[in-house]
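Listed below, chain by chain, are the residues.
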Amino acid sequence: MALQNGEKPKVGSSSSGLIRVVLLLRVVAFFATAAATIVMALNKQTKTFVVATIGSNPISATLTAKFQHTPAFVFFVVANGMASIHNLLMIIADVFAPNFDYKGLRLAVIAILDMMTVALISGGVNAAVFMAELGKNGNSHARWNKICDKFGSFCDRGGGAIIASFVGLLFMLLITALSIIKLLKPKSHHNCSSLVP
Amino acid sequence: MAVEIKKFFFIVLRLLALAATVVAIVVMVRSHDSAQVLNLTFTAKYNNTPAFKYFVIAEAIASVYTIIVIFLSSKSLLGGLIVILDMVITVLLSSSISAALAIAQVGKKGNSHAGWLPICGQVPKFCDQVTIALIAGFVAPVIYFVLLLCSLHAVLSPILAAKL
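The listed protein sequences derive, respectively, from chains U and Y. Here full-length UniProt numbering is used: the first residue of the first sequence is 1, the next is one more, and so on. Here full-length UniProt numbering is used: the first residue of the second sequence is 1, the next is one more, and so on.
Misleading hints may appear alongside valid ones.
[To be verified] Here are the simulated SDA-like pairs of lysine to any residue, each with C-alpha atoms no more than 25 Å apart in a straight line:
| hint | chain 1 | residue 1 | chain 2 | residue 2 |
| --- | --- | --- | --- | --- |
| 1 | U | K182 | Y | F145 |
| 2 | U | K185 | Y | K6 |
| 3 | U | K146 | Y | K108 |
| 4 | U | K47 | U | K136 |
| 5 | U | K182 | Y | G115 |
| 6 | U | K44 | Y | P118 |
| 7 | Y | K108 | U | R143 |
| 8 | U | K103 | Y | V146 |
| 9 | Y | K6 | U | I181 |
| 10 | U | K146 | Y | F145 |
| 11 | Y | K109 | U | C155 |
| 12 | U | K44 | Y | N111 |
| 13 | Y | K109 | U | V74 |
| 14 | U | K146 | Y | L156 |
| 15 | U | K185 | Y | L156 |
| 16 | U | K66 | Y | L156 |
| 17 | U | K146 | Y | K45 |
| 18 | U | K136 | Y | G115 |
Calculated directly from the structure, the hints in this document are not laboratory data.
Make a model of the complete structure from these sequences and hints.
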C-alpha cells in the first residue's frame, strides 16, 4: 500500500497551504449560508391597512408577510440550512480528523458532497431570486400585483439574505474547484520522496 | 475494450442529456394559449415571465455545450476541463429548473397571501405544455449530475490506479 513501516508520508508545504485555504473558504461560506438562512427564517413583516371606510370608521386589516407563505423561500431556507450543516461538518472533519481515511475515498467523498451542495444552493438561491423579482415587479400578464411597495422591509431583508446566499454559492464553487484539484493531484510523488535518502 | 465501452456509454448519456434539453427548449418556446375573459384576450406565452426566459436560455447554453463536447470527446479526453465545465453546466441547469418551478408553482396554485390568482384555470393548454417542458428540464440536470460523476471517475481512475 502507500504507507511503508507504518509511517505517514510527510505532507508537502504546498498541500498543507491548500488545506488551510480550503478551511478558510469553508468558514466564510459557512457564515454566508448561515446568515442567509437566519435572515430569511426571521423575515416577517406585519402591516395594517385601511381597507375601506364606512361612514367615518376606517376598517383596517392586518396583513403579515412571512417567508413560509412562499414555497420558494421555504426551499431557500432549507437549502441554505443544509449547506451550512455540510460546511460545518466538513470544517469539523478537517480540524479534528485530518488524516482519517477509508480506503482512500475521503477526498472523493468530500468532492462529491461539495458538488451536491453547490447544486443545492444554486437551486435554492435562484428560486428565491425569481420569486423576489416577481414580488418586486409583479407580472402584468398574469395580473399579479407587486408586493414590495407595501412590505418594504420584508423585501429588503429577503434581498439581503439572497445576496448572502450568492456569496456563499461563490465560495462553495471555489471550494468545490479546490476539492476537485486536491482529488486530481497525483499523490505518488509524496511516496517517492520518502524513498529518497 | 473497456475504454470503448466507456466512451460509448458517455456518448449515450450525453445524447440523452441533449435530447432532454432540446425537448425542454422546444416545448417551452412553442407553449402558447389564449383565453377570453370579459372581452379581454388573455394570452400566455413563455416570454411573459423572466424565469421561463432564463430557463430557455440556460437549456440552450447546455445544449450547445453538449453538442460541442460530443464532437470533441471523439477526438481526445480533456479530462479535468470537462469535469469543471460539466459541474458549471449542472449548476446552471439545476438553478434554471428551480427558478422555473418556483414561478410555475405560483401559476398553478396561486398565492393567497399576496393576492395572486392561479392562471392555470384560464390557460390549461399553456400549463400542460409548461409542465412537459419542466419535466424534461428536470431530467436534464439529473443526467448531467450522473455525467459529472462519470467524467470524474474517468479522470480519477488512472490516478487511483497509479497510487495503489
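With the threshold set at 25 Å, check whether the alpha-carbon distance from U:K185 to Y:K6 stays at or below it. Since the Cα atoms of U:K185 and Y:K6 sit roughly 23 Å apart, the hinted pair holds (cutoff 25 Å).
Holds or violated: Y:K109 with U:C155, Cα cutoff 25 Å? The hint holds at about 22 Å.
Take the C-alpha atoms of U:K146 and Y:L156, compute the straight-line distance between them, and say whether it is at most 25 Å. The hint is violated at about 50 Å.
Holds or violated: U:K44 and Y:P118, Cα atoms, limit 25 Å. Holds, at about 24 Å.
Is the Cα-Cα distance between U:K182 and Y:F145 25 Å or less? 20 Å, holds
Below or equal to 25 Å on CA atoms is what counts here, so check U:K103 against Y:V146. 23 Å, holds
Do the alpha carbons of U:K146 and Y:K108 lie within 25 Å of each other, as the hint requires? Holds. U:K146 to Y:K108 sits at ~18 Å (cutoff 25 Å).
If you draw a straight line from the CA of U:K185 to the CA of Y:L156, is it 25 Å or shorter? 10 Å, holds
For the pair we were handed, U:K47 and U:K136, check the Cα-Cα distance against 25 Å. 17 Å, holds
Holds or violated: are the alpha carbons of U:K44 and Y:N111 at most 25 Å from each other? Holds, at roughly 16 Å.
Tell me if the straight-line CA distance from U:K146 to Y:K45 falls inside 25 Å. At roughly 20 Å apart (the allowed maximum being 25 Å), Y:K45 and U:K146 satisfy the hint.
Does the structure keep Y:K109 and U:V74 at a Cα separation of 25 Å or less? 16 Å, holds
In terms of the numbered hints stated before, the structure departs from hints 5, 10, 14, 16, listed from lowest to highest.
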